[in-house]
Every structure is written in C-alpha cells, then in structure tokens.
Amino acid sequence: MIIRQWVYNGYMKFVELSEAEFEQAKLPGRSFLQSVEMWRRYQKLGREAYLVGVKDAGRVVAAGLMLGRNWRFGKKIFRVPGGWLMDYKAEHYQAILKCLTAGVQDFAGRRGGIAVQISPNLVSQTRDTDNRVVAGEDNREVKRELESLGYKYLGEFEQPKWIYVKDLGEQQPDEMLMDFRTTHRQLIKKAEREGVRVRDLGIDELGTLKQITDEAAERHGFEDPDLDYYHSMKAAFGDKVMFVVAEISRENLKSQDQEKYGTEGDYVPLAASMFVKDEREVVYLYSGSRRELQKYNGSYAIQWLMINTALELGLTRYNFYGVKPVAGNGVYKFKQGFRGQVEELLGTFVLPIGVLGRLYAARLRPQEYGEMK
4 MIIRQWVYNG
14 YMKFVELSEA
24 EFEQAKLPGR
34 SFLQSVEMWR
44 RYQKLGREAY
54 LVGVKDAGRV
64 VAAGLMLGRN
74 WRFGKKIFRV
84 PGGWLMDYKA
94 EHYQAILKCL
104 TAGVQDFAGR
114 RGGIAVQISP
124 NLVSQTRDTD
134 NRVVAGEDNR
144 EVKRELESLG
154 YKYLGEFEQP
164 KWIYVKDLGE
174 QQPDEMLMDF
184 RTTHRQLIKK
194 AEREGVRVRD
204 LGIDELGTLK
214 QITDEAAERH
224 GFEDPDLDYY
234 HSMKAAFGDK
244 VMFVVAEISR
254 ENLKSQDQEK
264 YGTEGDYVPL
274 AASMFVKDER
284 EVVYLYSGSR
294 RELQKYNGSY
304 AIQWLMINTA
314 LELGLTRYNF
324 YGVKPVAGNG
334 VYKFKQGFRG
344 QVEELLGTFV
354 LPIGVLGRLY
364 AARLRPQEYG
374 EMK
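The sequence shown maps to residues 4 to 376 in the working numbering.
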C-alpha cells in the first residue's frame, strides 16, 4: 500500500510494504531484528510497527521494520532496529538512501514522530580477534553519507555496535575444535568427561533460564529481559528460537557441592542460553551461568554444542553478538577463545524531525562499548 508517496527523481517511491513484499525482498543486512517474524511479534504485542521501504520502478530496493514508542507531549520516537535493508554497494545507493530518509521523515512526522533511530547491520571496518583494523570491508563512507543527510551519530545506543563472530567455512567439528584456544579445548573436553549434558529447554522450563540470566545480569551489569520476552520470541519465531541448558547429574557433583545443590533434582542446572537462527547464522543472544558452579564449564559445553548445530545446518557463521573489545573484559576473553573476529558495526544514528526532534538529538551524546544505559 502506498502511503502519501514521497517520490525521488520521478521513479523511486517511499511506500508502506505488505508482509509478502517485505519477506520477498532479498536485501543485504537482514537479521532476526529485521524479519517478518519480528513484525508479527510486535503486532501481537499491540506495538506500533510498520513495514516500509523504497520501490524503484516497482522493485523493492530498500526496506525496514519501523517501531514507534511514546516519548513526551504526545510525541514518539521511531526505531529501525538492525537498520535499513539495502545494498550499500549499489552504484546509486545514495539516491536510495536520500529517498528513504525523506520518506521516513514525512511518514514518521505525520504519526507524531520527532526522531527516527537506525542501527545499520553493516560492518564499519574489518577487524581481527584482538580488535585491530585489518584489510577488508570498509563502510565508513556510508557513515559520512548518513551524516550528510542529517543523521546524527550516536555510537552504541540501545543496540550493540561491537559484536564477535566466527566464520564457519566448511570445517569439520574436529578441525573447528583445534582452532580454539588450548584452554577452551581442554575445558570443553573436561565438561564432557565430567558428564555435563546440554539439552533443549521446554517452554514450561523457561523459568530456569530466567533465574540463571537474572544472576548473570546482576553480576555483569546488563539488562535481562522479562519472562514474557522469551515466551513472545518463541511464539513468533518457533523453531528458529532455541533455549538450552547445561546440567550435571547429582552423582557427578563434587562432594562439597552435593550437600548444597544435590536437593535440586537428578540434574542440576549449570548454565542456560537463548539462541536465534536464520538462513545464515546462529546468534547467541542471552545467557548466564551459576557462579558457584562455573567450574563444571557448562557455558563451554553450550557453545560447543551450538557451534556443532550451526555446522550441521550448513550455516556460514556463528554470531556471539555483543562484546566490549577491551583488554581485561571477561566476556570478550571468553568469546575470543573460540578464535573468531570482532565486527565493528556502523553504530546507531538518529534522524531528527522538526524543531523538537533537533532539540532531542542535540541532548544525545555518542557512546561506545555499552556505556549508554
């Protein structure tokens, strides 16, 4: 459905897309954040959500799931989590981006919006496992283009800018294991010897995940979603969302732990995680481990099982998701042991609409490494 067309050069049009048009548009940058499943989830939750994009001579050349949330004075902030889906390598990407920007300002403004935040799923610069810039992809020109169109750079704001990923290639599990840091290999094998098992968590067992992630969130200072989030994600994504738990039998607990934890049942939970998969990758989204039981290496067992799952599915990469790539950060060190690389994404940008939007954007300061709360 075309909503008050914003036309650029007589052939590009900003439009509201149907569910089928959005799903069939095979554009770079797609992730679980920008998916029909996520749109359906927001619809079911009663959230304000739109599928919008740009058509060039009838063909969808850009798309995005856009969310609205109330701000103040009856106004709203709109977000495009995961950023616009489009080919930033296309010869005329600047024209597409210009049409998209003008169109969304008009579209959001007529719905009470004062700003639109986007977080493109696009690598800024290629980096290695130690966060050093290396030869490869460089999209800093896109950042400059966005700023020239009026977007203000915010860095890491409400969505990770720094992630850690591992390209899977065509390796076999044994070859993959040999790539890991020596201590990681040893701890994976130790967990196997000590009888740690990893299994799927049923929907009625998500309280176990929540209990463990609550403890981890308090320890590491991140915000843990509520139980309804896990249920709504499973309802929307089905088998694409996986919940797993690492546990150990009561008999395999060390003697000093049996008295304290042996009453929990035949198997004692050690760690639990949530993953989302698509046609390209598995994303490690939320997780936690019980501090006093970390010596059983449940988190290592979970990662090894899920990396094997990704290999079996023929996926091309494993996404450890958000990371703070600075020396001494424990989560970063843990993910580094699997021998992947840091990806610095382009970051979050805010596009102001009107005077109130400019005042709102002026108050925001760029942040890095998860400092923004």
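Take these hints with a grain of salt, some might be off.
Said to hold, decoys possible - Taking lysine to any residue and the SDA-like style, the derived pairs with C-alpha atoms no more than 20 Å apart in a straight line are:
no., residue 1, residue 2
1, 213, 192
2, 101, 156
3, 192, 180
Please keep in mind that the hints were generated in silico from the structure rather than gathered at the bench.
Here is what the structure says about each hint:
1. 213 <-> 192: With a Cα-Cα distance of about 27 Å, the restraint between residue 213 and residue 192 is violated, given a limit of 20 Å.
2. 101 <-> 156: With a Cα-Cα distance of about 17 Å, the restraint between residue 101 and residue 156 holds, given a limit of 20 Å.
3. 192 <-> 180: 10 Å, holds
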